[in-house]
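Enquirer: Here is how the chains run, residue by residue.
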Amino acid sequence: MSETSEDRTESLFEAPPVAEQERMVEAVLFASPEPVSLSDLAARMPHGSDPAQAVELLRKRYEGRGVRVVQVGEAWAIRTAPDLGFLMQKETVETRKLSRAAIETLAIIAYHQPVTRAEIEEIRGVSVSRGTIDQLLEMEWIRLGRRRMTPGRPVTFVVTPHFLDHFGLESARDLPGLKELRAAGLLENRPPPGMLPISEPRDEEETESGQPELFADEG
Amino acid sequence: MSETSEDRTESLFEAPPVAEQERMVEAVLFASPEPVSLSDLAARMPHGSDPAQAVELLRKRYEGRGVRVVQVGEAWAIRTAPDLGFLMQKETVETRKLSRAAIETLAIIAYHQPVTRAEIEEIRGVSVSRGTIDQLLEMEWIRLGRRRMTPGRPVTFVVTPHFLDHFGLESARDLPGLKELRAAGLLENRPPPGMLPISEPRDEEETESGQPELFADEG
Amino acid sequence: MTDNLFSEEQVSVAERLAAEALIVDVDGFEGPLDLLLTLSRTQKVDLRKISVLELARQYLAFVERAKALRIELAADYLVMAAWLAFLKSRLLLPPDPEEDGPSGEELAAHLAFQLERLQAMRDAAARLMGRDQLGRDFFRRGQGEDIARIRTVTYSASLLDLMQAYARIRTRDEFRPFVMDRDKVYTMEQALERMRSLIGFAGSWTDMASYLPEGWGLDPVRRRSATAATFAASLQLVKEGHLEIRQTENFAPIHLRRKDPET
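From first to last, the protein sequence lines are chains A, B and C. Heads up: the first sequence begins at 1 in full-length UniProt numbering, then just goes up one per residue. Heads up: the second sequence begins at 1 in full-length UniProt numbering, then just goes up one per residue. Heads up: the third sequence begins at 1 in full-length UniProt numbering, then just goes up one per residue.
Honestly, the hints are just simulated from the structure, not real lab data. A few of these clues could be false.
To be verified - Think about it this way: if two alpha-carbon atoms lie no more than 25 Å apart in a straight line, the pair counts; the simulated PhoX-like pairs of lysine-lysine are: (1) C:Lys-49 - C:Lys-88; (2) C:Lys-259 - C:Lys-239; (3) C:Lys-49 - C:Lys-67; (4) C:Lys-44 - C:Lys-88; (5) B:Lys-179 - A:Lys-60; (6) B:Lys-179 - C:Lys-49.
What the hints assert, rightly or not - If the Cβ cut is set under 7 Å, some of the chain C residues that face chain A in the computed set are: (7) Phe-29; (8) Gly-31; (9) Asp-34; (10) Gly-130; (11) Leu-159; (12) Leu-162; (13) Ile-169.
Computed from a prediction, not measured in an experiment: that's the story for all the values here. Note that CB positions come from ideal geometry on N, CA and C, so glycine has one too.
Next up, chain A with everything else stripped away, as it sits in the complex:
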């Protein structure tokens, strides 16, 4: 018993080996969103550690590697080596959420493909702006399908393998059907019969975004 308590007391006061301290600094600098000061490091590391020495060892270890330990003001950070900056260019891609009009148009194409522009408008109840279709084409999420064999031979739209890839689908047929959407709670239930649609609370939300569109796009 005396032995274990002695051990514990010792480890309480004894700093971890230098190599271990170096590991700690490595992990903290890697994971931290900001450069970390020596005093911050000291506060996080076990008592008696020497962060300055650990940082110095780490800095030496990374000399000539793909990343370096650099000093930023009073603090330390890990940064990629400047000569490899060309590899990083792809890293700064900005992602934005698709607009509601685009996502709805995309959903209709996915569920109804091949589908014409007129059919999309019929389902959405509003006209589809050219920009929306262009954007989806540009993203390579949709492409032109075969022309419909009806008067005017309108073009149809279908989704691309790119689309399937992005949404993790093996085929568009894997999309859940209406029944499944309802079971998953994604479809609102029908209002009780006889209930005026006007009195629906969703009405307000709809007039805000959906309704003006209904008239504005009239062409």
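Once you've looked at the hints, dock chains B and C against the given chain A.
Expert: Same frame as chain A, but now just chains B and C:
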């Protein structure tokens, strides 16, 4: 034709030395918070590079260090060593929000994938609430798999690379205790006796138990 | 033994408390299977060696007890009770060669399998959650790189977004009257535009109906929309001081006349 082959030879010769490729992989993996696939690496690195080899060298180099090179599905990432977690400022852990039902559902999907909603309910003995599947989809820990080729063609659920990343798994094969569970027959989808004659076409199909599909991801 | 546990006379206080705790807690169970799994733990044996007959007895006793305490059990608990009563009789009676269907042993084996599988999944879930987790035990790079920034905008959407969008459209579809077919809707803006160009000619009182656009007077639905829009537009023009409006009595035709600026 002679030109292109010359080009190829040239670019083969231009491929940087292995040590340099390793630096490059190091820089890219360090820079990216998300796992990077080998094909992504290849796309960024100079022609003729061998990212797989470079990753392997890098992985060995970081063995025992404060950060590690880990495989996540088909991709690679650098993560801090788990034994140093105590040094870090914890992020708000998403898993706190998960109900017991959600955790069980997640485990069932992971171990039985691809699995249908009905099968999850059969195993848990209760219906799966609407929010549970939604929540797991939203966290991007599960996604839709292929539809089951049984009447109604129900959708199936499978786990995502995100899930693997979160739990530090290289692949779904590395789930703890998977082998033992399979050996004990506990991953079978055994229909109740007496139900046998009713659950017709499923029996003819190999996909019946769901389990054979787990790793054989034939197109 | 278990029958004793639930019979009124000779239960110890502790046993009674335990039994009641189980019942009061019935909401805490996730259905009959979960309850059966909990009950099976009192047998203190490997789930593979569990006595299903004993378990059926315990469950039925539990349901009886709940009834005695006037606790309402959900339907699925009662369905399970009925099934277990059936199973119990199958297990106790010698097999009837005339009977079709699975034997009591087969049914019992399946129930045992279900319990074992559920327990296995719970253990697996616990082991999964016990693993080192990203953001808790190990960490990703905390700092994005800020060198050589080439900004490309990509648009993203999740599968859930896609499904929700589709659900939103289809839900809207079910409220068909609300959506309104565009070809049957005449907007006030359209009416206003038409009236502005026509009003200059309305020197004397004219029936508003004559201002309806061509082709909108026959179909009642279109007529209604056009009338409403034209009326609203007329009111707007009155407000702007371009128009006078009159109606002699209720439901009589509405007449319009140009209002000259000076008067």
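Enquirer: Indicate, hint by hint, whether the structure satisfies it.
Expert: Do the hints match the structure? See the list:
As the CA atoms of C:Lys-49 and C:Lys-88 are separated by approximately 17 Å, the hinted pair is consistent with the 25 Å bound. The hinted pair formed by C:Lys-259 and C:Lys-239 meets the criterion: a straight-line CA distance of about 11 Å does not exceed 25 Å. For a cut-off of 25 Å, the pair hint linking C:Lys-49 to C:Lys-67 is broken: about 30 Å separates their Cα positions. Between C:Lys-44 and C:Lys-88 the CA atoms are separated by roughly 21 Å; this keeps the pair inside 25 Å, and the hint holds.
As the CA atoms of B:Lys-179 and A:Lys-60 are separated by approximately 44 Å, the hinted pair breaks the 25 Å bound. For the proposed pair B:Lys-179 and C:Lys-49, the alpha carbon gap of about 22 Å is at most 25 Å, so the pair holds. Restraint check, C:Phe-29 versus chain A: the minimum CB separation of about 23 Å is more than 7 Å; hint violated. Below 7 Å, beta-carbon pairs count as interface contacts, and C:Gly-31 has none with chain A, the closest being about 18 Å; its hint is therefore violated.
The closest approach between the C-beta of C:Asp-34 and any C-beta of chain A is roughly 22 Å, which is over the 7 Å cut-off, so the hint fails. The beta carbon of C:Gly-130 is not positioned within 7 Å of any beta carbon in chain A (closest approach about 21 Å), and the interface hint is therefore violated. The interface hint given for C:Leu-159 is met, as the beta carbon of that residue sits about 5 Å from the closest beta carbon of chain A, less than 7 Å. The closest approach between the C-beta of C:Leu-162 and any C-beta of chain A is roughly 5 Å, which is under the 7 Å cut-off, so the hint is satisfied.
A least Cβ separation of about 6 Å between C:Ile-169 and chain A falls short of the 7 Å threshold, and the interface hint therefore holds.
Violated hints, listed in ascending order, are 3, 5, 7, 8, 9, 10; each of the other numbered hints is respected by the structure.
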